[in-house]
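Could you build the full structure based on these sequences and the hints that come with them?
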Amino acid sequence: MLGNLSTPELSALLALSPSIDQIGTLERIARIQARSIKGAAKIQGLRMALSMIDLTTLEGKDTPAKVRQLCFKAQHLHDQAPDLPTVAAVCVYPTMVGVAKKALGASGIKVASVSTAFPSGQAPFEVKKLDTLYALDHGADEIDMVISRGRFLAGDYQFVYDEIAAIKALCGAARLKVIFETGELDSLDQVRRISDLAIAAGADFIKTSTGKIQPAATFPVVHTMLSAIKDHFDKTGQMIGMKPAGGISSSKLALQHLLMVNEVLGEAWLTNEWYRFGASSLANDLLMQYQKQLTGKYQSAAYFSID
Amino acid sequence: MEILKTYKLYIGGQFPRTESGRTYPVLAADGSHVANACLASRKDVRNAVQAARKAQGSWAGKSAFNRSQIAYRIAEILETRKVQFITELLEMGLEKQSAEKEVQMSIDRCVYYAGWADKYQALISSVNPVASSHFNFSSPEAMGVVGIVACQQTALLGLISQILPIIIGGNTVVVIANTQQPLCAISFAEVLATSDVPGGVVNILTGEVGELLPTLAGHMDVNALSLAPISTELSIAAQEAAVDNLKRVRIYTEPLYVKSAQGLTYISDFQEIKTTWHPIEQIAGGAGGY
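The listed protein sequences derive, respectively, from chains A and B.
Numbering-wise (the numbering used here), the first sequence opens with residue 40 and increments by one.
Numbering-wise (the numbering used here), the second sequence opens with residue 51 and increments by one.
Calculated directly from the structure, the hints in this document are not laboratory data.
Just to be clear, a hint being listed does not mean it is correct.
Below, a list of computed lysine-lysine pairs in the DSS-like style, where the Cα atoms sit at most 30 Å apart [what the hints assert, rightly or not]: (1) B:LYS104 to A:LYS251; (2) A:LYS336 to B:LYS324; (3) A:LYS77 to B:LYS58.
One side only, chain A facing chain B, incomplete, derived with CB under 7 Å [said to hold, decoys possible]: (4) LYS336; (5) TYR337; (6) GLN338; (7) SER339.
Computed list of chain A residues with no C-beta within reach of chain B, every gap over 10 Å [said to hold, decoys possible]: (8) ILE82; (9) GLN83; (10) SER90; (11) GLN108; (12) GLN114; (13) LYS168; (14) ALA193; (15) ILE252; (16) MET299; (17) ASN301; (18) ALA341.
Glycine included, every Cβ here is placed at the ideal spot set by N, Cα and C.
So, in structure tokens, the structure goes:
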């Protein structure tokens, strides 16, 4: 049934999307944020967060050299600290997939490519299709597509659904992450609705934002998406991955997000198979905090690679 | 109704309470309870260094003339708040005449360093004779973030004598104030906050030197330390902690609250000298050049 719901079926499905209890959500988040993680648990959390990063560069000014530099960083986060994990993936534009693929070689780090006219998604479907195929042809392991927010906000759910299903069909073995750009969706109810829609259309991961718009991965939004994943899992037994992106730049925030995942979804999601952080500057902060835990001294960005 | 002031920390242009939530009583010379001050913790040190680092680039990037104007503005605002500082010093047990003198000297010191802002560069730069076809010159640059343990003998003048020359040179500072007499330091922070000094250029913490200094001295993002006289044990511990990132440590053994404790060296103590080798064409015959 995945990916081929008719309009009445889709309407029936979306009618089941619960509306979000905003106050309850905020209270739950406040309780999670009040917790403190220290010592061995903190070290473990920092390492886990590092291993979940999609190290990202999505600039108009990206060059092959910049991407190669990022790929080097992905493999050598901080060689002074032994036994560090690598990041999960490097995330680039389709034109840079070939460069990244070559630079990462057999490191096991995946290449994720944004797609479907990222970041706006304002292009005809044919163009989005070519965009995706180009990335796949050059070896992308994961596709981060954006939804058509305009169509979604206009209530054209079938269009958005079909588009996700069609891109999923192109992906084959590549995993599909669907970016909602929640900063443009206005309410948590909308976030819940698009989560249910994208999961039904075949998303392997749901992702908050492009990183180009604020607010991005706020706690209420992420909590709402995690709840949608949980409800889907309870109903079908199928796991869906989660990727908050944009705005998570400190270790403290990253650890709080991990706490929330653990609480809402459980330990099974605490691996980079099912959870990712879309970030660029987060990696260095995690490394600096990690080094602080090892040495007891607060660190300086001057001794870490440029991100 | 009498409104008692809450003395807080000064970090990044804001007046937050200490992250630890702790306070300690500040006592007047006669033993009476004047106010509570924040007992800062190592996390406040971390936050202050972060704010200082963030502010440093744009502070050093301002024109020397602009830094001069801002220092002069500090003196102007200090002048308008004279009475408040004198009152605070009297509470700490100073005679009226000494209190007035200390505030006046503090204002003078701000004006003095305002004058230096666009002049010290010329005096500690040089064009160096070298035996190759290079134009070789050295010029000063700010060191970055400087940690200060303020003079523990005076509440205001010692503090200003340390802060001003360092910030005039383009550095930003994290100050551990006089532990027993912290009120003037926080009142001075109010002066800074209203005198065009960008937030984060000066950050002031109140608390125990013995608790805060090891964290500050070991912090990898602090480039230098300016230490007023403190106990030998603390001083040794600070110098040891400073080794990891090769901080420059300047320990002042002379009193900083006297008229003579001002001058170019207090600025150059926290300047890094950069030497540039600029290739030049060999002038025919070789006799020319530098």
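Which of the listed hints are not met by the structure? Going through the list in order, the structure violates hint 18 alone and respects the others.
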